[in-house]
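K.L.:
All chains, full assembly: derive it from the sequences and hints.
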Amino acid sequence: MSRFASAYLPHALYSIAIISISIHLVSQRRTFSDERARVKAQISILESISEHLRSDKSFSTEEFERMKRLARPQEELILEMGDKEIIGWKEVILGRKKAGEESKWEKRDIEKVRQEMKN
3 MSRFASAYLP HALYSIAIIS ISIHLVSQRR TFSDERARVK AQISILESIS EHLRSDKSFS
63 TEEFERMKRL ARPQEELILE MGDKEIIGWK EVILGRKKAG EESKWEKRDI EKVRQEMKN
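Numbering (the working numbering), first residue to last: 3 to 121.
Every clue listed holds true.
Think about it this way: if two alpha-carbon atoms lie no more than 20 Å apart in a straight line, the pair counts; the simulated SDA-like pairs of lysine to any residue are:
| hint | residue 1 | residue 2 |
| --- | --- | --- |
| 1 | 109 | 98 |
| 2 | 70 | 51 |
| 3 | 70 | 53 |
| 4 | 42 | 52 |
| 5 | 42 | 71 |
| 6 | 109 | 121 |
| 7 | 42 | 31 |
| 8 | 42 | 72 |
| 9 | 70 | 41 |
| 10 | 59 | 70 |
| 11 | 70 | 57 |
| 12 | 70 | 45 |
Hints listed in this document are in silico derivations from the structure and should not be mistaken for laboratory results. Since the model is a prediction, treat every value here as computed from it, not as a measurement.
P.N.:
Have a look at this one:
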């Protein structure tokens, strides 16, 4: 049995590495594609604003503010939404830990700290 496992272990590791790299590359490609689309949309909005300003048409402040909000960089939106809670991968996969739910190791550590504080 160990001979069987050792014969196929390198192939399994290579397969896992290749799959991991390919998933990462697909993720990067999607990220770059989304970023490119966002920048094109911002350019389009800014071009439309410049056309309105160059023409003799009236341009309401409400419409201008709406267009300006659409053209804002993503970093400003992230800062604006900074009060939102960040969810990590551990919580996504395993779920959230309830406030009263502690492992026996955490309870033991808390008791150790309490004992040290008393001494």
